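Visitor: These are the residues of each chain, in order.
2 protein chains.
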Amino acid sequence: MQNFNISGHISGKFNQELESLKNAVLAMGGQVELQLRRTLTALRSEDKRAAEKIIHDDNKVNEMELRIDDECMRIIARRHPTASDLRLVLTIVKINADVERIGDEVERIARMITLTDLPASARIKADMFETGQQILEMFNSTLNAFARMDSESAKRIHTDDRKVDEKYKHLLVQVIQEMQDNEEIAPAWLDILWSLRAMERIGDRCKNVCEYIIYFVEGVNVRHDDTDFADE
Amino acid sequence: MQNFNISGHISGKFNQELESLKNAVLAMGGQVELQLRRTLTALRSEDKRAAEKIIHDDNKVNEMELRIDDECMRIIARRHPTASDLRLVLTIVKINADVERIGDEVERIARMITLTDLPASARIKADMFETGQQILEMFNSTLNAFARMDSESAKRIHTDDRKVDEKYKHLLVQVIQEMQDNEEIAPAWLDILWSLRAMERIGDRCKNVCEYIIYFVEGVNVRHDDTDFADE
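Read top to bottom, the protein sequences are chains A and B.
Quick note: the first sequence uses our numbering, first residue 1, plus one each step.
Quick note: the second sequence uses our numbering, first residue 1, plus one each step.
Honestly, the hints are just simulated from the structure, not real lab data.
Quantities reported herein were computed from a predicted structural model and do not represent experimental measurements.
Treat the hints with caution; some may be incorrect.
Treat identical chains as interchangeable: a pair holds within one or across any two.
Stated by the list, open to error - No farther apart than 20 angstroms at their CA atoms in a straight line, the calculated lysine to aspartate or glutamate pairs in the EDC-like style are these:
1. K60 to E218
2. K163 to E137
3. K48 to D117
4. K163 to D181
5. K155 to D47
6. K94 to D57
7. K125 to D181
Work out the full structure: start from the sequences and follow the hints.
Guide: If you want it as structure tokens, here you go:
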């Protein structure tokens, strides 16, 4: 396994810069994780004011992303990294984009909470919360795998995503069942579908990040191993 | 407007390399566009064999993406680009990832066609095809905007996405209505929802690409101007 910390850079200062770049992404990830946790709490208690605050706080994440992107450019322009250092910086460019977009999905769920009185049954609400918890765990593990550039963990998360998908598919069927039992189409049902989709997209983005980690560490592209539509 | 072709590079050879890098992304985009067009034809005629061929051909796109990524790295490592050249290469790294993922979404729609006898009415099928055509047009315009690094077109596409979203939302309501009129839940209905979602994701990815173009040309981040959940 390629170790990010012991790759013999020319300059210790450069090493520090790479380390602090990685830490910046982890800090942004931590902020997004916090936002997701708050969103799930707001979802459970249907707390619209809390959800509004979360939407407002997404700006922080957006600013962090832009700063990280600039820093990546600055490092490449000043340090002329080659080989694995350059690959690390380019991997961070991609992971940065995915983590920021996870923040966007979290914001969408929060927005749904502010808009809608959830028409779904207590059972569905409980299941939505539980699916959200699974996604939160997946995101947390993804950030840990990135922190340690641990491709084994990344592979596990990538595979475990099937379980989250199973849960999600099951939940969608339930939602549709309840929708079918209702005479009229409340737009709120679509809001529920959208926020479930946002959760599932967070899972997808976590998988993207894991793929980048695996590709960086092992040079193996696992992106297209799992193309079974039914499992998506 | 910053012009990609007249930025006074040190070496003409380097200019050529950047131009051919951009052309490689356009060639990959052209391949994805072809796949999407074929998929829509297969959708209209419910031609499972044609859809299987499309799935098989996605490999080409995946290979193209990896080659482009390698070429970006090679250029940075050899040429040490700075300022706008470096920004261009990093923009291409991101656009490359998005276009490849558009290919994945196309593959998902094709996979749905191989799996399912569409239970939906002729009207819904016609609307799905029409939505697909709009998405195809959006993708084509996006590639053109990238070819010319035309931020005005990119902004127009970014705004016009609302129309596609309106269409998509309208179609979802129709699908749900038909589902509600059906006694049992056919998994095929979920397949229809998934493939609609795949179309909508292609629209999202096109928007991502447009945002990168605008950011490259104008240095303005429009990513977070449109956070209205209802319009998503």
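Visitor: Against this structure, judge whether each hint is valid.
Guide: Hint check:
1. K60 to E218: Neither way: K60 and E218 sit 33 angstroms apart in one copy and 22 angstroms across, limit 20 angstroms.
2. K163 to E137: Classified as within: same-chain Cα gap 12 angstroms, cross-chain 36 angstroms, threshold 20 angstroms.
3. K48 to D117: Intra 10 angstroms, inter 42 angstroms, cutoff 20 angstroms: intra-copy only.
4. K163 to D181: neither (27 angstroms within a copy, 31 angstroms between copies)
5. K155 to D47: neither (36 angstroms within a copy, 35 angstroms between copies)
6. K94 to D57: neither (23 angstroms within a copy, 25 angstroms between copies)
7. K125 to D181: Within one copy only: 17 angstroms inside, 24 angstroms across.
Hint check: violations occur at hints 1, 4, 5 and 6; the rest are consistent with the structure.
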